[in-house]
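Please put together the full structure from these sequences, using the hints given.
Each residue of the sequence shown is one higher than the last, beginning at 81 in the working numbering.
Keep in mind the hints are simulated off the structure, nothing from the lab. Some hints could be false.
[Claimed, not checked] With a straight-line Cα cutoff of 27 Å, these simulated BS3-like cross-link-like pairs (lysine-lysine) come out: (1) Lys396 - Lys445; (2) Lys275 - Lys610; (3) Lys264 - Lys275; (4) Lys610 - Lys578.
[Stated by the list, open to error] With beta-carbon atoms standing in for the labels, derived distance ranges: (5) Val181 - Ala641: 13 to 23 Å; (6) Leu133 - Arg444: 53 to 63 Å; (7) Glu280 - Ile337: 39 to 49 Å; (8) Ser448 - Val181: 40 to 50 Å; (9) Ala518 - Met639: 32 to 42 Å; (10) Gln303 - Phe581: 50 to 60 Å; (11) Arg333 - Ser521: 36 to 46 Å; (12) Arg358 - Glu280: 20 to 30 Å.
Every residue gets a Cβ at the ideal spot worked out from N, C-alpha and C, and that includes glycine.
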Amino acid sequence: MLGYIFDTLRSNPELGIFLTLGIGYAIGRIRIGNFELGSVTGVLLTGIVVGQLGITIDPLVKSVFFIMFLFAVGYGVGPQFVRGIATDGAPQALFAVVITVLCLLSVYIAAVVAGYDVGFAAGLLAGSQTISASIGLATDAINNLDISSEEKQTMLNHIPVAYAVVYLWGTIGTGLILSVLGPKLLRIDLAEECKRYEREMSGDHPPEAGQTAWHQVEMRAYQLHQEWPVGETIAHAEAQHEGVRVFIQRIRRDGTILEFDEDTVFQAGDIVAVSGKREVVVALGNNHQEVEDRELLDVPTERVNLVITHKGYAGKTIIDLAREKFTRGVYLNKITRGATSVEIPLLPLTEIHRGDILTIVGTRKDTSRVVNAMGYADRPSSETDMVWVGLAIAIGGLIGALTLPVGGVPLTLSTSGGALIAGILLGWLRGVHPTFGAVPSGALWMMNSVGLNVFIAVVGITSGPTFIAGLQEVGFGIFFWGIFATSVPMLLAPLIGKYIFKFDPAINLGVCGGARTSTASVAMVGDVAKSNVPMLGYTVPYAVANTTLTLWGLVIVLMLA
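Okay, structure coming up:
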């Protein structure tokens, strides 16, 4: 039976890839405490084992899926990357470049001192900085070296060896340094700093003013008698609840549901449907008689993900938007930002960025008004605009394939690097002009996760037969060099952020985690802070670092070749 399975896998290598993906994803989900191995490492280790069967896979498979993955990476970070370079995120973007250069130099020093070849160095970079995407660009760069094919293959086989050994500390170590040592290096009480930041971001408004819609929103019907707000306009009555969003959604007068606007005046006997924060709406029952009017309360509502594209609202605060007439009747539920969709705290002075996704709730009429004013509704869709995706990857690849000889060394982004840049540009253009280039979240996940893991599966399967020999050659000492390459930049990053870039202590460690593209580390920082305020510093550095660290896969090869 086993002989049949092994022979079939050798004859049908595509089955070996899917077997590696299935088992690898399962291993990656194993959780020990707060640590999860992750799909990439699970797939790589599984691929190494499956590779012991001697399965041969066409290298074209690896190239196609890696280009697809890099395009998805660029597409996801595009809006934040461009914003970081061009606008007020520039200090955070520059900080990310500085830290990623430190990451590169740490790996370079480790490789030179330890005497590692280019393959081990590329794997050390990918694992210690947990940037799997750099493996692809390092592979392209090694294939372009003017050396024998045997030397190239030896170097390529060394990459997954180093990656697998140092990845563990690359993941765990970053989180421990930032969450445990970070506050001590900054000499702060992180939880207190976040509370202070929240107070400052509330301004003259109560801290919950920006979070009103986070609480349960309710709608009830009341009949008005000869008392306030009879004789008042709707606009005046709604404005009396300062700091709390309360709205009149419908009015029944003399048995008929009334068409009204903000200048409509209440009359005795009106039955009104009121929406707002639950405790405020319930309190209205102290002065008015609540009635059962199912028809009046049958207001069609919807929950919409609004993508901000209108540049006129970039930089506006939540409280600024709450004062706009077109937001009447709409409640803000949450804000997510960046390629990793981190949730941003809802504080009155929290600024809105172009490309942010605001989850809003209200009647269809009200939400449509807000969508038309600020951006577009990111409604569920299953169709990818493959015209633009295909053309962007092809054009980006053609540009990336250009070679520029410098001092006898051929410099090129490669087709993979070109696809990454094309993704950034199309992602940014999609955020500004949402009429083309759509890639639904499900499709983007498929391109991102499966694209990378098919590439990693092929790397593992191909290098499997030589993995043990490579590990014996390099020795376990590379693990300690991985600790060095991971830890040095992360120990310096909080101090650089504090003394040179003057970041607020509440977001400093979030900026550091973004500069290392480590979502897990910022989550650990958030646990220590008991707040998601550090996430405010994460997205711009993440977008920039994700791009630069990936490109370092090519650079480390050129530095050591």
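- request: Would you list, in rising numerical order, the hints stated earlier that this structure does not obey?
  value: none
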